[in-house]
Amino acid sequence: MTAVPLSPVRRWISRTQSSHRERGATLGSLYIGALSVAIIGGMLHRQLADIFWPDAPNLSGLAGGGLAAVCYGFLFLALRRLGPLTLSRPAAAWLLTAPVSRRMLLLPSLRLTGIAAAALGALAAVAVVGHAGPHHSMNGEQIALLITGGALLGIVLLLVATTAQAGRRWGVAVDRLAGLVVAAGFAALVADVAVEQPIAVTAWPATGTLIPIVAGIAVVVVVAVALVIRGLGATPNDRILEASRTAGTLFDSAFGIEPSFLTDMIERRYWARRRLRSTALFPRLPVLVAQDVLLTLRRGSRLLWLLLGVTLPVLFGAAPGWVLGAVVLVGCLVAGMVATGNVRTDAGNPVMLRMLGLTSRDAVLQRLLVPGVLAGVWAALALTALDLLGDLDSGPWWALGLTLGPVGAAAAVHRARVGFVRNELLPLDTPMGTLSTGPLVNAVMGPDMLLLGIPAWIAIAQGRLSPTTLLLQAVIGIAGARFYLSGTTADDRTELSH
Amino acid sequence: MVDHPAVEVDGLHVGYGSTPVLVGVSLTVPAGGGVCVTGENGIGKSTLLRCVSGLQQPDEGTIRVFGGDPGATPEFWRAVVTTVEPPTWYPGLTAREHAELVCRAHGQDPSEAGVDEALERFGLGGHKDAIPPQLSSGQKQRLVLAIALLRPSSLLILDEPEQRLDREGRADVASLLTDYVAGGGSLLMASHDDDFAVASGAEITTMESLSA
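Protein sequence lines correspond, in order, to chains F and H. Start counting the first sequence at 1; every next residue gets the next number (UniProt numbering). Start counting the second sequence at 1; every next residue gets the next number (UniProt numbering).
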């Protein structure tokens, strides 16, 4: 079958779409976009410079390697989640089924993701060299070569992800490997904090050594790009359609300022891929607790990441005390949220709750239990790690962690009950422009309950723990969760809406 | 509960904007009896069932379910099962586990309640380990009916339960509904299929005959 040339079709679509827009609308959008970047860049350039290029390197070689592993590991995983090759929803619906060249159809997507991957790879290289490299003793050529190398590495990762998308069975194995690389990088960052005298990088390969290495990688990348473009036509339809749905949902979430579109899609896809075997719902536990336990155990990888995350606060040991306290509290919220998938379902649509015939009070009470255990255990382990590796005074920090269980549970369940962003709320006029309050209110619901952890926050910030603080936190946490339960539920209704 | 009819509707008016859908509708479902409302699409059958389930407020008229107001109370939902709304399924829970969850929430032992037998009877024996979103629309419909009939209730409100069922499935469901009413339950349903309605043993009435 003869393929129809794609370029005239795309030109016709572009021309027709333009005719429906106001004159100069695209230029106006570009102008506003560029202006926004310039304004934000002007406001935050000092902070960005501190993040990517501090005055003096502040990471050891081990931590630098860890940072590189985390950055490039996440880049690869993000590319895999996005596709990486994708089409807009209309193109997937109308052009994928048309007799046009598949290679030509996917080429613009490869070009765009290639530019993005190269830019992100270069940015990661800037951060790694800025934090771990002896950049005062390096010349401009060395730095430029390293950044170029980072950009090329970004493209290499894109090419691997594109090949995996084309249906190779090793794609899942590479995803797992990337997950392990991120975990290893993270472990290296934590280990660096635990080491008494980390070894800083004092020397860097000379320009003469770097040039052939970077040039060699560039040649390999050019050949690999040619091979990938040649094989683009073999990308299966289902992979392109899945990536197209992901991109569409991502845009819906961004434009609608509604993150639940994305989280729901991720959740649906996860379970669609799993093969489950029915099991009895732990008969000794209350029924909804048993359901939450089952759901949590079925998300084993999340539990593993949560366990790994107990060392995350250690990385903030050098940050101001209030930041460290906030990280522990937010960690409690995240730990609790691992087990709140069922609350989200009930809050979105109470049909199953009606079928169960439970009161909203009974339902929420049972739903608080597993998030509470997860949050309490996570905080206990995290504070023990801080006690052993950080600057906290010795004390029963693990017990303070356990008292944060009810706080994490209330925050996580409150977050899960939020539902959709309320875009009908009145916007606020500010000197910087109109501020939509719906997404703002939605974002703070859940984290607002973390205020119940203020005693622990202060104790962590000060690095000192007294029995009074411990008792106070326990009382405030339990009483706060109890008030949340009685204030937002009732014995005479099933719906979880507030 | 037995002193009152299962459902009493009197002078019900419901409209969507300026379009009246139900005008002066009156209906009685006796306790331990079954009524099937028939009528063409868009005539207001689902709206009537939604109002009786307490999921939609009428513009005018009274609705009593077992002598009380239909509402969102847990007591109401322990007595009434409705399929007028499509269910949202829990993540990571198989079809069998959904059935077990509902049974246990009502204090039933899943084995004694006959979860496995019910799934077999509805042709879902081979799909027990599937998560409901993976099932076809007909299988999901059968799962909803299986769960609705498994759990204890006094009144079933079913919106076109024969939909997406094959001939054999319709006969099975009709027979189960007959057993439900024979066992003392009350039934209010809407249907397009006269044969199915007759087989279920419910008294057939048309939407036109219910309007004033």
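Please note that the accuracy of each hint is not assured.
Just a few of them, taken from the derived set where beta-carbon distance is under 10 Å, the chain H residues facing chain F [unchecked claim]: (1) 16; (2) 19; (3) 53; (4) 75; (5) 82; (6) 97; (7) 100; (8) 101; (9) 121; (10) 153; (11) 180; (12) 183.
Source of the hints: derived by calculation from the structure; they are not laboratory data. Cβ atoms here follow ideal geometry from the backbone N, Cα and C, with glycine treated the same way.
Interface restraint verdict for residue 75 (chain H) against chain F (beta-carbon cut-off 10 Å):
Constraint on residue 75 (chain H) satisfied, holds at 8 Å.
- Per-residue hint verdict: residue 82 (chain H), partner chain F, C-beta under 10 Å: Where the cut-off is 10 Å and the nearest Cβ of chain F is about 8 Å from residue 82 (chain H), the hint holds.
Taking the least C-beta to C-beta distance, is residue 183 (chain H) closer than 10 Å to chain F?
-> Status violated, d = 19 Å.
- When the least beta-carbon distance from residue 101 (chain H) to chain F is tested against 10 Å, hint result: Since the shortest Cβ distance to chain F is 6 Å, the answer is holds.
Restraint outcome when residue 97 (chain H) is required to lie within 10 Å of chain F by C-beta distance: holds (6 Å)
Mind checking the CB of residue 100 (chain H) against every CB in chain F and telling me if the closest is under 10 Å? Holds, about 6 Å.
Can we keep the residue 180 (chain H) interface hint, with Cβ of chain F closer than 10 Å? This hint is violated: residue 180 (chain H) lies away from chain F, its Cβ roughly 16 Å from the closest one there, beyond 10 Å.
message = Does the closest beta carbon of chain F sit nearer than 10 Å to the beta carbon of residue 153 (chain H)?
response = This interface hint holds because 9 Å falls under the 10 Å limit.
| request: Mind checking the CB of residue 121 (chain H) against every CB in chain F and telling me if the closest is under 10 Å? | output: Result: violated, 17 Å to nearest chain F Cβ.
TODO: Would you settle whether the hint for residue 53 (chain H) is holds or violated, based on the nearest Cβ-Cβ distance to chain F being less than 10 Å?
DONE: holds (9 Å)
| query | Would the stated hint for residue 16 (chain H) survive a check requiring a Cβ distance to chain F of less than 10 Å? | reply | Cβ of residue 16 (chain H) sits 21 Å from chain F, so the hint is violated.
Classify the hint on residue 19 (chain H) as holds or violated, based on whether any CB of chain F lies nearer than 10 Å to its CB. Result: violated, 25 Å to nearest chain F Cβ.
When each numbered hint is compared with the structure, violations occur for hints 1, 2, 9, 11 and 12.
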